[in-house]
Structure formats: C-alpha cells, structure tokens
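Visitor: For reference, the chains in residue letters:
There are 2 protein chains.
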Amino acid sequence: MNNEILIIGSLALDTVETPFGHAEEALGGAGLYAATAASLFAPVHLVGIIGDDFPQQALDELAERGVALEGVQCVEGGRSFRWSGRYEYDMNGAETLDTQLNVFADFNPLVPEPACRCGYVFLANILPSLQLKVLDQMQQPRLTICDTMNFWIEQARDEVLEVLRRVDVATMNDAELRQLTGEPNLAKAATEVLAMGPQYLIIKKGEYGASLVSAEGHFALPCYPLPTVVDPTGAGDSFAGGFIGFLAWAGETSEQQLRQALAIGTVTASACVEDFSINGLRRLTVDDLYSRYQALREMVRFEGISPQASLPT
Amino acid sequence: MNNEILIIGSLALDTVETPFGHAEEALGGAGLYAATAASLFAPVHLVGIIGDDFPQQALDELAERGVALEGVQCVEGGRSFRWSGRYEYDMNGAETLDTQLNVFADFNPLVPEPACRCGYVFLANILPSLQLKVLDQMQQPRLTICDTMNFWIEQARDEVLEVLRRVDVATMNDAELRQLTGEPNLAKAATEVLAMGPQYLIIKKGEYGASLVSAEGHFALPCYPLPTVVDPTGAGDSFAGGFIGFLAWAGETSEQQLRQALAIGTVTASACVEDFSINGLRRLTVDDLYSRYQALREMVRFEGISPQASLPT
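Residue numbers (numbering that gives the first Met the number 0), protein chains in the order written: chain A, 0 to 312; chain B, 0 to 312.
Hints are not guaranteed to be accurate.
What the hints assert, rightly or not - Away from chain B, derived, C-beta distances all over 12 Å, residues of chain A: (1) E94; (2) R116; (3) P140; (4) D157; (5) R165.
Said to hold, decoys possible - So the derived list for chain A, only partly shown, Cβ under 7 Å to chain B, looks like this: (6) Y207; (7) H217; (8) A219; (9) P226; (10) W248; (11) Y289; (12) V299; (13) G303; (14) L310; (15) P311.
Stated by the list, open to error - Taking CB as the label site, the calculated pair distances span: (16) R300(B) - E191(A): 18 to 28 Å; (17) S253(B) - P183(A): 57 to 67 Å; (18) Y88(B) - Q154(A): 38 to 48 Å; (19) S253(B) - D89(A): 28 to 38 Å; (20) P226(A) - D157(B): 22 to 32 Å; (21) N91(A) - F19(B): 23 to 33 Å; (22) N2(B) - S253(A): 36 to 46 Å; (23) M0(B) - Q293(A): 38 to 48 Å; (24) D52(B) - F150(A): 47 to 57 Å; (25) A214(A) - S290(B): 13 to 23 Å; (26) T95(A) - P111(B): 56 to 66 Å; (27) D52(B) - G181(A): 50 to 60 Å; (28) D89(A) - D59(B): 44 to 54 Å; (29) G181(A) - S290(B): 25 to 35 Å.
Honestly, the hints are just simulated from the structure, not real lab data. Glycine included, every Cβ here is placed at the ideal spot set by N, Cα and C.
Let's have the full structure, built from the sequences with the hints guiding it.
Guide: Shown next, in the form of structure tokens:
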C-alpha cells in the first residue's frame, strides 16, 4: 500500500460554459479529476460521496483505471454534488453560477481499512474539517498534500491552519496565498506559509504556471503553452493528481523528485484544459505525457555563463 | 560601432506612489531606464529630449556609465516629460495619475552621425511614428527591438504594425498582445504577431516572468523572486536594456544567446524593482547580476525522465 494514493474530494456533475462551448452535467469534481490524473501512475483509493443519480458508467471507468471506490459512499435517493460556472475569454477565473452541495452537506468521510495504509494522500479542496477527519484515519503516510480555496480560508480559517500544520505539501493559487497571509509579496507570503507547517508550498498561477517553494529555495515552471484551451475546470486538481501520482510511482520525495513531479503535474493539467470534463485526461497517454515533459524541459533550458569569461567587468 | 547600442525613449521626472513609499520628480523614463541597464554591458547612444529643468547630475552620471548623450536634445526654457502614477499592493499595473508630454510634444528625433551605425537598436515605448523615424536613420543594424503600449495600439495601430514589420524582436505585455491581436489565447496570439514581421516576440508578464516565442518554439522564465518589491516602474525597460545590452556585448543573436539575454533581462529587472527610480540599477554590480543569473538557472532546473525506464506503461 506504501506506493498507493488516497484521495479525498468531490465527485460532481458540472455545468460549464466557456467561450469555446458548453458542457451539461458533465463528470467533474476535484476528487474525480485528481483520481483520474493520478491513476495514470499508481493505484488510487478515492473517498467521496455521490447520489444514486451519479452515472454508473463513470464509476466503472474509474475502476478500470485502477481507482478503488470502496470509500465512495452512495446515498440512495440522494442527489450528487453539482457545480455550475462560466469562464470569459480570460480563462484565469471561473464565475460560479450555482453550487448545490446535495449529498455533500452531511458527508462523513470513512477511509476503508486497506486504504488507511496508503503512502500518499491528497486532500483535494473540500471542507477542511473533512480533510482533518481523513488525516486522522491515515496510518503514517509518507507524503500528504492539501489543497484549499478562498471560501474555506475565510469561513474556516482555524481548520485550514490546522490542516497546514499537519501536511507535508500545501497547494494554493496566488490569490489564496495572499488572502491567507495578508501579504501581497508572494516570496514573503510563501515563507510565512512554510512557517505554518508544510515543508513545501506549491503556488498555482493558472496560465502563468506554478512554483514550488521550500527552505531549499524556489523552483518555478511556466505553463505548457497550448493553442487550444477549452475549459480550465479541473486543471489544478489534474495538476495535483499528476504530481502525487508521479511521486507515488517514483517512490521518492527528494527535492529533485518534487521538481520532476511539478513538471508532470504541469503537463497533466495541460491535457485537462484541452477539452471539457475529464475528456482531455482520458486521451492522455504516457507517450504524450513524456513528449510534453521533454518539451517543457526544453522550454526552460538556457546555458550558463561564467563570470570572468562571460560578463563585462 | 557594431557592438554599440542605440536607444530611443523618454527621459522623465516621475512621481510615484507605492504601498512602500513615495518618489517625487525622480529620474525615470523608458529611455533612461533602458540606457542605465544596457550600459552595464556595452556603450549606449541615447536619443531623447529634455527641458533645461532636467538635472545636470543625471546627465553626468549617464555619461560616466558610457551613455553618449549627443542625441539627447535639450530645449532651453522647456519642461521635461513628467509622469505620475500609483501602485496598489498588487504591483502588476500602475494607475497613471498624470502625464505631461511637455518637450516631447514636438520631438523630432535625430540620430547623431556615429550612432547611426550602432549594431543594436532598442525602440523603447514612445510614439510609433518616432520609432519609425529612428529606424529610417539607422544603417543596417544587426538587431532591432521595439516596445509599445496599449495607448499606441489603440491610437496609432497602423504605425505600430509598420514598426512590427521592420523589427527583429517585439516586446509587449500579455494584455497588449491580446489587445493587438484580439486573440485571448497567448500561444495563438504570439503566432499571429510573428506573422506580422518580427522573428521573435518577448511576452512580458510582470511578476509572472517573461517568454520568448519564435518559429523555433517557446522559451519561458519565471520572475526572479524577491522579498522586497518597492516600485515596479521601469522594470520592463530595465529588462529590455539588460536584454539588448547582453546581446550587444556577446555579439551573437542565436536562439541560445537570446535565451541567455532573456535571463539577463529578468535579473536586471529584479534589481530595478527593489528601489525607486534607477537606484536599484545603480547598485547592481556584475557580480550580483551573475549570482542572480546562476540562481535563476538553478530555479528552473529539473532532471529528465527516460520514457521506458521512468514512466509507467
């Protein structure tokens, strides 16, 4: 179980409008995106809740990808979580049109016995008290990662701070980082978050890429450039799924491995945004992932200069 | 003259307010910032216009840095260009409070005889018809670079397009790129700009870094992370000055050299924003530049993975 992944997060039916099209009650949710992405690399155990309106075909597909669903509670007669949002041409932020918690309102996550021993844990964006309940059930995981959002930072700040105290890696976008710390300078804000507990902070910057900050310094990657971005929904969760998936598969969590994982997360997210719902992730092959990874490496490569020989004095 | 640099742009007195302080009638202007930065690397010839209220000490200092001022016209009894702006905590965009063209209103740039043979030309942000007048006077430069801004894209679009047809490298920020092309997707918009003439496009993204796009592909760098950003005024011009300065000094304009120059521009800009006016650039030493360059290289380095051995199948 040591190289298997536990993910808690939403399974949802999303209705999304972007300048490039429309999706109606399509498969979505942070947990679903992350599990779909992570399952490219290692076995996944998903914890979440659905109503009996959730398509059986989607569950079958997850199972086929190696996602164990024992932790997904199905409420008879219940309605699944629904989210509806719209993006303008600037795809960096969604306007939420509607959120229906439905079965999520009374969710008490239970981690099935074997999944408690997963080595890798991703707490996707969800009520932080539920993230804590899952952490309580885990038996000495090797690496824990959390995500959060502006709503919880405002409404459940103490629990968010408690989660941060207990995880190894925190992920958030730059706006959330500024909101959490009250510090506009990202480098300073990152230092403050590291002081709150996590050893690593991943700052997600939408189309501008992501960075990884630790006591060892900064690592930063641009986005993988795409001529076609159809729907950014799930990009951050696909990123996190690829990130933790790669680490579980690689079996190491050194700084160098984390950098590679950030690159894997970046290219995984690039596949996600090329289509609505999980369609882009479905099409992503390991060959495609590898060639994007190589292209990303080439995209940031530049030669050194030697001080005496190469700069004027 | 082949490795010398011609820069046209404003010399200004800026009044700037940021959350971290205030500068009153401080040295500024795109031409001044760029020349100060470029002079770290190679001799610079500056073309611009000032009133006799411009501090003599500033001119003496430029001259000491190797900036030839024969092309800077001084209007007796005239007032220098003045700009006044304010930044909020989010330092990515200035709110312009006041612009006084003053002597710039009737500026007819004349490139002094020897400077016509400069190998490297930077047309800083200024009326595009003036950029064209300077280009007309140059004798087969090796590399020409232009900057522009939203105001000219809207008010003098035809001239902006004419400039783009004639330069080797265009620089603009992401908002200007979207404005110019009407295309929200940056990768697509970049392709459109390359079709307008320049061989290279540099996209400036403020605190998110910069990228270099050409037929050969994308190169992208994050910003150099700084715990103290005091005033972003002049960052783009310092970036461009460092960029062209390094190229003039290196004497080559291959893709690899351009990538190195983008990194040099990035670290030069990082010094600029650490203080008001040109104070940060004044303090920047070649040693400091070199160590930031090395740190930036380290910041983006990650190992490759081999497809068979390193990814699941």
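Visitor: Would you mind marking each hint as holding or not holding in the structure?
Guide: We went through each hint and held it up to the structure:
1. Distance to chain B confirms E94(A) as a non-interface residue, since its nearest Cβ pair spans about 16 Å, more than 12 Å.
2. No beta-carbon of chain B is positioned within 12 Å of the beta-carbon of R116(A); the least distance is around 21 Å.
3. Once the 12 Å rule is applied to beta carbons, P140(A) is consistent with being away from chain B; the minimum gap is 21 Å.
4. In this structure D157(A) is separated from chain B by more than 12 Å, as the shortest Cβ-Cβ distance comes to about 25 Å.
5. With a closest Cβ-Cβ approach of about 26 Å to chain B, R165(A) is found to remain outside the 12 Å limit, as its non-interface label requires.
6. Of the supplied interface hints, the one on Y207(A) holds, with its beta-carbon coming within about 4 Å of a beta-carbon of chain B, less than 7 Å.
7. Interface hint at H217(A): satisfied, since its Cβ lies 5 Å from the closest Cβ of chain B, which is below the 7 Å cut-off.
8. Residue-level restraint check for A219(A) holds (minimum Cβ-Cβ distance to chain B is 4 Å; threshold 7 Å).
9. Annotation: P226(A) was flagged as interfacial toward chain B, and the flag holds, the nearest CB pair being 5 Å apart, inside 7 Å.
10. Interface hint at W248(A): satisfied, since its Cβ lies 6 Å from the closest Cβ of chain B, which is below the 7 Å cut-off.
11. At a threshold of 7 Å, the smallest CB-CB gap from Y289(A) to chain B is about 5 Å, leaving the interface hint in force.
12. Evaluation of the V299(A) hint against chain B yields a held restraint, the C-beta minimum of about 4 Å falling below 7 Å.
13. A least Cβ separation of about 6 Å between G303(A) and chain B falls short of the 7 Å threshold, and the interface hint therefore holds.
14. A hinted interface residue such as L310(A) counts as satisfied when its beta carbon comes closer than 7 Å to some beta carbon of chain B; here the least separation is about 5 Å, so the hint holds.
15. Against a cut-off of 7 Å between C-beta atoms, the interface hint on P311(A) holds, since the closest Cβ of chain B lies about 6 Å away.
16. For R300(B) paired with E191(A), a C-beta distance near 26 Å keeps the hint of 18 to 28 Å intact.
17. Separated by about 39 Å at the C-beta atoms, S253(B) and P183(A) break the suggested range of 57 to 67 Å.
18. For the pair Y88(B) and Q154(A), the supplied restraint of 38 to 48 Å is violated, since their beta-carbon distance comes to about 23 Å.
19. Against the hinted window of 28 to 38 Å, the Cβ-Cβ separation of S253(B) and D89(A) comes to about 35 Å, which satisfies the hint.
20. Under the hint 22 to 32 Å, the C-beta atoms of P226(A) and D157(B), about 27 Å apart, fit the expected range.
21. The supplied range of 23 to 33 Å is met by N91(A) and F19(B), whose beta-carbon atoms lie about 26 Å from each other.
22. Judged by the Cβ atoms, the range 36 to 46 Å given for N2(B) and S253(A) holds: they are separated by roughly 44 Å.
23. Look at M0(B) against Q293(A): about 42 Å separates their beta carbons, and that is inside 38 to 48 Å.
24. Checked against the hint of 47 to 57 Å, the pair D52(B) and F150(A) passes, with Cβ atoms roughly 53 Å apart.
25. Taken as a hint, the range 13 to 23 Å holds for the pair A214(A) and S290(B), whose Cβ atoms sit roughly 19 Å apart.
26. At roughly 60 Å, the beta-carbon separation of T95(A) and P111(B) lies within the given 56 to 66 Å, and the hint holds.
27. Distance hint check for D52(B) and G181(A): the Cβ-Cβ separation is about 42 Å, which falls outside the suggested range of 50 to 60 Å.
28. For D89(A) and D59(B), the hinted distance range of 44 to 54 Å is satisfied, since their beta carbons lie about 46 Å from each other.
29. A beta carbon spacing of about 31 Å between G181(A) and S290(B) agrees with the range 25 to 35 Å that was offered as a hint.
This entry does not satisfy hints 17, 18 and 27, going by the numbered hints stated previously.
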